[in-house]
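A.B. asks: The lines below spell out each chain.
2 protein chains.
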Amino acid sequence: MSNSKAVIREEVHAFKRQRILEEARILFYERGYTGTTLDAVAERLDMTKQFVYSYYKTKGEILVDICASGARHSLEVVEQALALNASPTNKLKQFAREYSRVICEQQLNVTIYLREEKNLSDQEAETVHELRRAFDKRLSALLNEGMRAGEFNIPDIRLTTLAIGGMIGWATFWYRPQGRLSMPALMDGMMELVLRTVGADKGRDTSSGSEFPSARP
Amino acid sequence: MSNSKAVIREEVHAFKRQRILEEARILFYERGYTGTTLDAVAERLDMTKQFVYSYYKTKGEILVDICASGARHSLEVVEQALALNASPTNKLKQFAREYSRVICEQQLNVTIYLREEKNLSDQEAETVHELRRAFDKRLSALLNEGMRAGEFNIPDIRLTTLAIGGMIGWATFWYRPQGRLSMPALMDGMMELVLRTVGADKGRDTSSGSEFPSARP
Numbered sequence: 004m005s006n007s008k009a010v011i012r013e014e015v016h017a018f019k020r021q022r023i024l025e026e027a028r029i030l031f032y033e034r035g036y037t038g039t040t041l042d043a044v045a046e047r048l049d050m051t052k053q054f055v056y057s058y059y060k061t062k063g064e065i066l067v068d069i070c071a072s073g074a075r076h077s078l079e080v081v082e083q084a085l086a087l088n089a090s091p092t093n094k095l096k097q098f099a100r101e102y103s104r105v106i107c108e109q110q111l112n113v114t115i116y117l118r119e120e121k122n123l124s125d126q127e128a129e130t131v132h133e134l135r136r137a138f139d140k141r142l143s144a145l146l147n148e149g150m151r152a153g154e155f156n157i158p159d160i161r162l163t164t165l166a167i168g169g170m171i172g173w174a175t176f177w178y179r180p181q182g183r184l185s186m187p188a189l190m191d192g193m194m195e196l197v198l199r200t201v202g203a204d205k206g207r208d209t210s211s212g213s214e215f216p217s218a219r220p
Numbered sequence: 004m005s006n007s008k009a010v011i012r013e014e015v016h017a018f019k020r021q022r023i024l025e026e027a028r029i030l031f032y033e034r035g036y037t038g039t040t041l042d043a044v045a046e047r048l049d050m051t052k053q054f055v056y057s058y059y060k061t062k063g064e065i066l067v068d069i070c071a072s073g074a075r076h077s078l079e080v081v082e083q084a085l086a087l088n089a090s091p092t093n094k095l096k097q098f099a100r101e102y103s104r105v106i107c108e109q110q111l112n113v114t115i116y117l118r119e120e121k122n123l124s125d126q127e128a129e130t131v132h133e134l135r136r137a138f139d140k141r142l143s144a145l146l147n148e149g150m151r152a153g154e155f156n157i158p159d160i161r162l163t164t165l166a167i168g169g170m171i172g173w174a175t176f177w178y179r180p181q182g183r184l185s186m187p188a189l190m191d192g193m194m195e196l197v198l199r200t201v202g203a204d205k206g207r208d209t210s211s212g213s214e215f216p217s218a219r220p
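Residue numbers (the working numbering), protein chains in the order written: chain A, 4 to 220; chain B, 4 to 220.
Simulated from the structure, these hints should not be mistaken for lab results. None of the values given here were measured: they were computed from a predicted structure. Any given hint might turn out to be false.
Computed cross-link-like contacts, DSBU-like style, restricted to lysine-lysine with a CA-CA straight-line distance of at most 35 Å [as the list claims (entries may be wrong)]:
id : chain 1 : residue 1 : chain 2 : residue 2
1  : B       : K62       : A       : K52
2  : A       : K121      : B       : K19
3  : A       : K52       : B       : K121
4  : B       : K8        : A       : K62
5  : A       : K121      : B       : K8
6  : B       : K8        : B       : K52
7  : A       : K140      : A       : K121
8  : B       : K52       : A       : K121
Simulated restraints on C-beta separations [as the list claims (entries may be wrong)]:
id : chain 1 : residue 1 : chain 2 : residue 2 : range
9  : A       : M150      : B       : A152      : 30 to 38 Å
10 : A       : P180      : B       : E129      : 44 to 52 Å
11 : B       : D42       : A       : M186      : 44 to 52 Å
12 : B       : A43       : A       : E64       : 26 to 34 Å
13 : B       : Q21       : A       : Q53       : 45 to 53 Å
14 : A       : E64       : B       : A128      : 29 to 37 Å
15 : B       : M150      : A       : A144      : 42 to 50 Å
16 : A       : T61       : B       : D42       : 27 to 35 Å
17 : A       : Q53       : B       : Y56       : 22 to 30 Å
18 : B       : E129      : A       : N6        : 26 to 34 Å
19 : A       : R47       : B       : H16       : 46 to 54 Å
20 : A       : T61       : B       : I11       : 52 to 60 Å
The C-beta atom is built at its ideal place from N, Cα and C for all residues, glycine as well.
Excised from the complex, chain A in its bound form (with noise of 0.2 Å):
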């Protein structure tokens, strides 16, 4: 078998394990995890159920794969932010902006991982956490480089991370693809709101003297 054969085989078995998972989702979505055989999966392929278990051996692996999707990708924009050559607030705005995108994109897979976390096994689950610990992590260190530079007033990082991820991952119960805010707007707003609450709004707002018109001589 040539090279470019393998990698086109590579690509289809990607592209079909792809496809089992998108329609699995759905079913856990609408009919939750329980209540999803891997069969009905088959079934919105019309394909057999062989052909799902020749790619997923249990529908416990589709559930990981689903329920760590969302802790990935939130954890890959942190990382990515943390790698700009910006500064802190830069990095900061860059963050905000793209973990909105992800918890939109990410919907479905946060909402199943919070539904069905409880169907995990518990080695499952912590993989899960693992990928959630770093993501706070590495957001406290992101908040702390602000602190740092001068840039942030955070009086504590800890609460102002979780705090952050939740002003944003609440996102998951409200977003609407059709609703009043375009994805842009949503980001845009998303991102003042994160900058207020690290206090990175400050200086903006003072170095213009605005506030003080007429206290010079």
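Add chain B to chain A, keeping to what the hints say.
C.D. replies: Positioned in the frame of chain A, the structure of chain B alone reads:
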């Protein structure tokens, strides 16, 4: 039957209903709604299934009570804050503190709601949605009050309402009664973050003039 006997009888009825709810809540949380039978609830109470039936006709009735509880308490908190004879800033302070307390106290109810909402009938789900919409509307009204009074500076009231709700509501997923922060510290910390979100912390910071120590002659 004397009047006081009727009162006692009512109290006993409410108490027994409450006990059933408490045990069902633990089972719904640990085993999931579909994994819990009324038999199991009766067993935990050391009573017969018939006993449970005389207070709740179906398992679904218990779920509705649990799911509506968090939303009902949250709405109460914002109504109480709005009814205060106080400035919008002080109303928001009370709201942020008390809503933080409610989310922690209602943690199991809210978790079960978010997990098991799909097991409610359309009408039952709508009852809870109405409470949640009323909460958002009343919180938006409070933010509007602060804008009109010139105490808040909010570019998008609707988004900020959802952000504040999420910042605190997310504690459902991380709050631990034996965690790092005491309840009063958590309430104070969240209050501070909420004030920043609406731009109500500015006044205090700039009026002290500490950022312009030598600006006046």
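A.B. asks: Indicate, hint by hint, whether the structure satisfies it.
C.D. replies: Now for the hints, and whether the structure bears them out:
no.	hint	verdict
1	B:K62 with A:K52	holds (34 Å)
2	A:K121 with B:K19	holds (29 Å)
3	A:K52 with B:K121	holds (26 Å)
4	B:K8 with A:K62	violated (56 Å)
5	A:K121 with B:K8	violated (45 Å)
6	B:K8 with B:K52	holds (27 Å)
7	A:K140 with A:K121	holds (24 Å)
8	B:K52 with A:K121	holds (26 Å)
9	A:M150 with B:A152: 30 to 38 Å	holds (32 Å)
10	A:P180 with B:E129: 44 to 52 Å	violated (22 Å)
11	B:D42 with A:M186: 44 to 52 Å	holds (48 Å)
12	B:A43 with A:E64: 26 to 34 Å	holds (29 Å)
13	B:Q21 with A:Q53: 45 to 53 Å	holds (51 Å)
14	A:E64 with B:A128: 29 to 37 Å	holds (31 Å)
15	B:M150 with A:A144: 42 to 50 Å	violated (35 Å)
16	A:T61 with B:D42: 27 to 35 Å	holds (29 Å)
17	A:Q53 with B:Y56: 22 to 30 Å	violated (45 Å)
18	B:E129 with A:N6: 26 to 34 Å	violated (58 Å)
19	A:R47 with B:H16: 46 to 54 Å	holds (48 Å)
20	A:T61 with B:I11: 52 to 60 Å	holds (55 Å)
Going through the hint list in order, the structure does not satisfy hints 4, 5, 10, 15, 17, 18.
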